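Student: Each chain, letter by letter, is given below.
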Amino acid sequence: MTELLQYEFMRRALIAAVLVGLVTPIVGTFLVQRRLALLGDGIGHVALTGVALGLLTSTSPVLTAAVVATLGAIVMELVRVRTRASGEVALALLFYGGIAGGVLLINLTPGANNATLTSYLFGSVSTVEPRDLWFVGALAVGVVAVVALFGRELFVLCQDEEVARAHGLPVRFLSILLAVTAALTVVIAMRVVGVLMVSALLIVPVAAAQQLTRSFRVTMALAVAIGLVSSLGGLTTAFYADLAPGATIVVLALAAFCAAVAVGGLLGRRARRRASAARGPEGADSAGTMPQTDRGRVKQ
Amino acid sequence: MHPGRATLPGRPSRFPGPRARVAYDAAPVLDGLSLDLHAGQTTAVLGPNGSGKSTLMRALLGIVPLSAGEIRVHGRPLRRFRAWNRIGYVPQRLTAGGAVPATVGEIVASGQVASRGRLSPFPSRSDRAAVHEALEAVGLAGRARDSVRELSGGQQQRVLIARALAGRPDTFVMDEPMAGVDTDNQHALARTIAHLRDRGSTVVLVLHELGPLEEVIERAVVLGHGRVVHDGRAPAATGACARPGHEHQHPHPDPNDPDPRTAAATDVAPADLIRLEVPGRD
Numbered sequence: 001m002t003e004l005l006q007y008e009f010m011r012r013a014l015i016a017a018v019l020v021g022l023v024t025p026i027v028g029t030f031l032v033q034r035r036l037a038l039l040g041d042g043i044g045h046v047a048l049t050g051v052a053l054g055l056l057t058s059t060s061p062v063l064t065a066a067v068v069a070t071l072g073a074i075v076m077e078l079v080r081v082r083t084r085a086s087g088e089v090a091l092a093l094l095f096y097g098g099i100a101g102g103v104l105l106i107n108l109t110p111g112a113n114n115a116t117l118t119s120y121l122f123g124s125v126s127t128v129e130p131r132d133l134w135f136v137g138a139l140a141v142g143v144v145a146v147v148a149l150f151g152r153e154l155f156v157l158c159q160d161e162e163v164a165r166a167h168g169l170p171v172r173f174l175s176i177l178l179a180v181t182a183a184l185t186v187v188i189a190m191r192v193v194g195v196l197m198v199s200a201l202l203i204v205p206v207a208a209a210q211q212l213t214r215s216f217r218v219t220m221a222l223a224v225a226i227g228l229v230s231s232l233g234g235l236t237t238a239f240y241a242d243l244a245p246g247a248t249i250v251v252l253a254l255a256a257f258c259a260a261v262a263v264g265g266l267l268g269r270r271a272r273r274r275a276s277a278a279r280g281p282e283g284a285d286s287a288g289t290m291p292q293t294d295r296g297r298v299k300q
Numbered sequence: 301m302h303p304g305r306a307t308l309p310g311r312p313s314r315f316p317g318p319r320a321r322v323a324y325d326a327a328p329v330l331d332g333l334s335l336d337l338h339a340g341q342t343t344a345v346l347g348p349n350g351s352g353k354s355t356l357m358r359a360l361l362g363i364v365p366l367s368a369g370e371i372r373v374h375g376r377p378l379r380r381f382r383a384w385n386r387i388g389y390v391p392q393r394l395t396a397g398g399a400v401p402a403t404v405g406e407i408v409a410s411g412q413v414a415s416r417g418r419l420s421p422f423p424s425r426s427d428r429a430a431v432h433e434a435l436e437a438v439g440l441a442g443r444a445r446d447s448v449r450e451l452s453g454g455q456q457q458r459v460l461i462a463r464a465l466a467g468r469p470d471t472f473v474m475d476e477p478m479a480g481v482d483t484d485n486q487h488a489l490a491r492t493i494a495h496l497r498d499r500g501s502t503v504v505l506v507l508h509e510l511g512p513l514e515e516v517i518e519r520a521v522v523l524g525h526g527r528v529v530h531d532g533r534a535p536a537a538t539g540a541c542a543r544p545g546h547e548h549q550h551p552h553p554d555p556n557d558p559d560p561r562t563a564a565a566t567d568v569a570p571a572d573l574i575r576l577e578v579p580g581r582d
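Just so you know, the sequences run in chain order A and B. Note that the numbering used here has the first sequence beginning at 1, numbered continuously upward. Note that the numbering used here has the second sequence beginning at 301, numbered continuously upward.
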């Protein structure tokens, strides 16, 4: 571990990994709840155009990616609302526009080549510069602040948009806020796992956590823990075993998912056995506490 | 044009007003409809499938926009209505949960989103008491920590009602709260709604049939093809409630005792009304 910390670039990479592992599952929980699991994927594609713009104009690619991804997320949200039927097609146009634009612009950039492209497609956490790190840190603070301030409203929005409207919540504003937050999260994660795998960090830790939990808050907390373990563990493993860090992190997250499915299955079976034992042969578990019987209960 | 129309005495059921229309993809769903819902009254909106009753309910809360016309809620145009904490909405859903697990307590507490300040991260004692009361009212006390997924369909429906109760509103809008709920739970729900009525709440329910709610409903509005075809007392009981020997769950109101709600309805302040105006097709 000390060997790892001797290198300046590794220290920066580890900080980036912590920020990514912390922030992506928080936003991912809302996206999964809203059934927009692939939104991050789409934003990632669009962000590539932003990266290429930054390279072409010799500005910070992370900054331009943040701007373009934010605009892309707003357009996607508006398209999603406006066109109920053809929304998916419109989104697909945006995705492939984003990736084609990125490739085109990178090829136009003097001094940039396929290696530059690959580093953004699949991540290159070891080339994170101090300037990037400050920017990523600021974005992470922003994302956490949004969730802290609007978390309750976002929960209702992602749970049931109709109910959010009936509560008088600003549904359009909140939808765009969530999309923009997702875009910034994608940009944070982009340097670590690359635009093609960014969505994995948003979704896989949440998918793993929800195998084991029954509460929204606990799911989010556990997803953050899984995200942190996979990003730090993946980076360390990649350093010692000389593997691609982005891919190692994603594979670790997927392993966590498989483990969670196995453990969740075992726990579920035991809980059901205990519940049926407690209920007794008549199934009278609620006598005394409930004013009416529950004939409608689903037998598991 | 309006068979069986029975307007309650002294209660105008139509108002001349601006032209309004609700349409899905340019096909009008509500058509020539004018409705005043009175504060403190329990109203059922009935009608066959496709008669526009769910659309009416959604239009009332601004969930579907009016393509023309106006809605006034408690005296204010819907667009400028801000007292959303006064309204509790129960949507028609098969399940109460989303894609991510959530506990019964979390879902019910989310009903306070309109009444709690953004900068108060933790619920106050009265917030927590409201959640507890709401769960008790629907017979789910002690289940707050359970995942909603572990509940039956009828229990999940009751979670949605508890969510509406948790914000302590005075106006309830419920879209088919009895759908998918077994008979025992229907009676339990009817008791909950009767309790709300007795507290003076305004309750508007979309129902497929009156069922055990027959005793609770004070006014029935029957829709057909987007128009009001009956407005008045509930249609005659059919089914189980009409059968001899059927045990009523609720005492009948004494016919000699003038109902203060009905008596007051002749002169209603705009603040005590929810008004929907939808003109007919030209």
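Heads up, some of the hints might be wrong.
Unchecked claim - With the Cβ distance kept under 10 Å, some of the chain A side facing chain B (calculated, not the full set):
| hint | residue |
| --- | --- |
| 1 | 8 |
| 2 | 130 |
| 3 | 132 |
| 4 | 168 |
| 5 | 209 |
Derived from the structure by calculation, the hints contain no laboratory data. It should be emphasised that the depicted structure is a prediction, and the values quoted were computed from it without experimental measurement. Backbone N, C-alpha and C define an ideal beta-carbon position, used for all residues, glycine too.
Student: All hints are to be evaluated individually against the structure, with a verdict given for each.
Tutor: Hint check results:
1. 8: violated, 38 Å
2. 130: With a closest approach of 33 Å, the residue 130 of chain A hint is violated.
3. 132: This interface hint is violated because 31 Å lies over the 10 Å limit.
4. 168: holds, 3 Å
5. 209: Holds: closest Cβ of chain B sits about 9 Å from residue 209 of chain A, inside 10 Å.
In terms of the numbered hints stated before, the structure departs from hints 1, 2, 3, listed from lowest to highest.
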